[in-house]
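Chemist: Listed below, chain by chain, are the residues.
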Amino acid sequence: MYLYDQYDQAMVDARVAEFRDQTERRLKGALSEEQFRPLRLMNGLYLQLHAYMLRVAVPYGTLNSRQMHALADIADKYDRGYGHFTTRQNIQYNWIRLEDAPDILADLAAVEMHAIQTSGNCIRNISSDHFAGAAADELVDPRPYAELLRQWSSFHPEFSYLPRKFKFAVIASDTDRAAMKLHDIGIQIVRNHAGELGASFYVGGGMGRTPMIAPCIRDFVPLDQLITYAEACLRVYNRYGRRDNKFKARIKILVHELGQDEYTRQVEAEFAHMLEQGIEPPLAELERIKGYFEQPVFESGLAADFDRSDPDFALWADRNTHAHKAAGYVSAVISLKPVGGIPGDASAAQMHLMADLAREYSFDECRVMHTQNIVLPHVRIADLHALWTQLEAAGLGSPNLDTIEDIIACPGLDYCSLANARSIPIAQKISQRFAQSGRTAELGELKLKISGCINACGHHHAGHIGILGVDRKGKENYQLLLGGSEAQDTSLAKITGPGFDEDGIVNAVEKATDVYLANRAEGERFLDTYRRIGMEPFKEALYG
Amino acid sequence: MAEELGTSPDEVQFRFRDGEPVDHAAVTVDSFLDQSNATAVRIEPGDDARALLPHLERLALVEVNFPVFGDGRGYSAARILREAGYVGELRAVGDVLIDQLSSMRRCGFDSFAPDKRLDEEDARAAFERWPEVYQPAADARRPIWAKRHGQD
Amino acid sequence: MNILTGNDLKSGAVVWWTGEGWSIHVNDAIEVGDDTDATCAREEAARNVNLPYAIEATRDASGWRPAHIKERVRAIGPTVRPDLTLKPADPDIGNWVI
Ligand code: SF4
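Residue numbers (my numbering), protein chains in the order written: chain A, 1 to 544; chain B, 1001 to 1152; chain C, 2001 to 2098.
Because the hints were derived from the structure by calculation, they are not lab data.
All C-beta atoms, glycine included, are put in the ideal place defined by N, C-alpha and C.
Be aware that one or more of the hints could be misleading.
Restricting the straight-line Cα-Cα distance to at most 25 Å, the calculated cross-link-like pairs of lysine to any residue (SDA-like) are [stated by the list, open to error]: (1) 325/A / 487/A; (2) 2010/C / 106/A; (3) 1147/B / 111/A.
The following residues of chain A were derived to be distant from chain B, with all beta-carbon distances above 10 Å [stated by the list, open to error]: (4) 80; (5) 140; (6) 194; (7) 197; (8) 225; (9) 349.
Sequences and hints are given; from them, build the entire structure.
Modeler: Structural data, given as structure tokens:
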């Protein structure tokens, strides 16, 4: 994985010094909160319901064991012994003291990490496929391109005060595991007819108040023009994105209001101009970065199957692994979704363990998934049992990847100052309900996603089943949505009808799954059945 | 006569160019385009900096106004002017704060007239904050990738 | 009735105006009138508190109860981590919040 050289290190060190200085100015009163707020936000420091919250960037979700240990140490030393992995492949700490924040950033810098641009109206942490570099179906490892973009977007002098936040995702396989088309810019690395690699640009997707699927505005940007094209996309947005209304300020609204063709025309004109400015890093830089992502040396001649005599293990190994490009290996998913638990939370002890396991079994690497789980990307099939045994003992062995128990839930009203309703208790009740009824396995792949407000951090529009918390006359209320997907068949979920209270929404989810089971055709997932039979049968069951 | 909007040179707190600060009253972009003798103009966030490109020869001063620091359109305006070869004074005015100085400098601003005077020492630290830069912009700094690959 | 709340500048902790200072316990709060701007401005300028504001609350024998659920979550802590609330020993704390 990528390692800093002296330049990268100098940049994060300078940032720590800058934030230390800014924090001191705030604490001694030279900066007002109004002035300080955007500065702390650009270092990922929010003021949430209980304290400051620090969001640490995990670029394209990749961590080595040293970094994971450091995250655990921060949880112990400066927080209350745990952290929360987010749908942006980052980690958040909920109980941070402003006074400590510069020291935490220094601790992060010591392991080549930072919290730069994890908030604010700037280019945020770049997300990617959590199986990058391992997936059997990928064209190339997308992360070098993400790293190239990370460096370009860090402290970008022109794009630090955009109309609104800006999120990139980069993938390199036809199977989309990063919700690429629901980002401000989604990039897919592709090969053209001549056999050359390039980038397809999808611009103007997003969730939130006005969910939109990004249209492809250019299907092939040559790799030696990638940064220049991104710069052109951003400049048009910075100049013409709406600034009169926060809710209309994302690039999706600009693309929508101008129309895809006009936006593209403006980008192409700016691109032609930018090409003359010589801002593109040389391909040698991409090659240098690629050097850090070289495949580990995989063993050959390994066994391709495992001993199934322990049914619990076999269930986990079947459910929680993903096909690897090297024979005898899989990517193994550590579920952070124990039944009744808090999706995405991990204790410091669990983080230490995951770090140790990454080192022992996965070439010192792990990944944060946008579904709030952790991946060990390169595990020998022969090691799966030993791995699982240790995970089980630590409460990390839930065999529920991509099932109805594998719920995405944002922090909601238990932590988040923007929330209308709590998300986590709903996730807890649903996972308990289905674990008890024993229906989880029967339901197969079913992606359930919960957000505590319209901002959609819990990706509810993209859930096969989505739940949105709203405020109904001072009471928590939950709307049910059906039919969303953030995979390559991207679709936006639709609201079923009037909302439900806390117990009502759990019942409603169960009813929706009953409709599926009663109607499904051979081999159909919940989503497929919904797409075939439409909303009506579900409405009938819910409200009829 | 067009409305005069410009800052006066004694409001300029930081300046990175030789010679006296330009002391012509800056006018709005519309006024500037209407008259043939103005040599100073003020760009508001909603103005198209490219409208000035045919007239760069006669411009001695462009002020870019930041009514609120969070409106970042002025950064693009500045870079666009520099990219087009404008070599006159480029002055950031308005809600210009310490922590925006280094980005503004990178986008081509060479003078600064903040509404509220900034602490000199904090400002100096801010101008010198970044030992390296990741991307080329309107200044002459070599990006990290150029250094890595021995390019000028 | 109104009470004042905000966050401690250094620690970020949720705090309530006691008439003399700021407490992490909502039951230490005093009722404030409608005009709280002066107090807020003074306390914020002195950096005793960050972003203070007035909220509505009712009072009964057991103490203050903020009118809005968000403020009740702030007053106690996350309902999903009773161990981290201000009343870790109280099994019913979640119900108080809702
Ligand atoms: S979706 Fe809303 S409640 Fe949930 S974390 Fe995002 S802003 Fe907070």
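Chemist: Hint by hint, say whether it matches the structure.
Modeler: Evaluated hints:
no.: 1; hint: 325/A / 487/A; in the structure: holds, 20 Å
no.: 2; hint: 2010/C / 106/A; in the structure: holds, 18 Å
no.: 3; hint: 1147/B / 111/A; in the structure: holds, 23 Å
no.: 4; hint: 80; in the structure: holds, 31 Å
no.: 5; hint: 140; in the structure: holds, 20 Å
no.: 6; hint: 194; in the structure: holds, 26 Å
no.: 7; hint: 197; in the structure: holds, 19 Å
no.: 8; hint: 225; in the structure: holds, 15 Å
no.: 9; hint: 349; in the structure: holds, 37 Å
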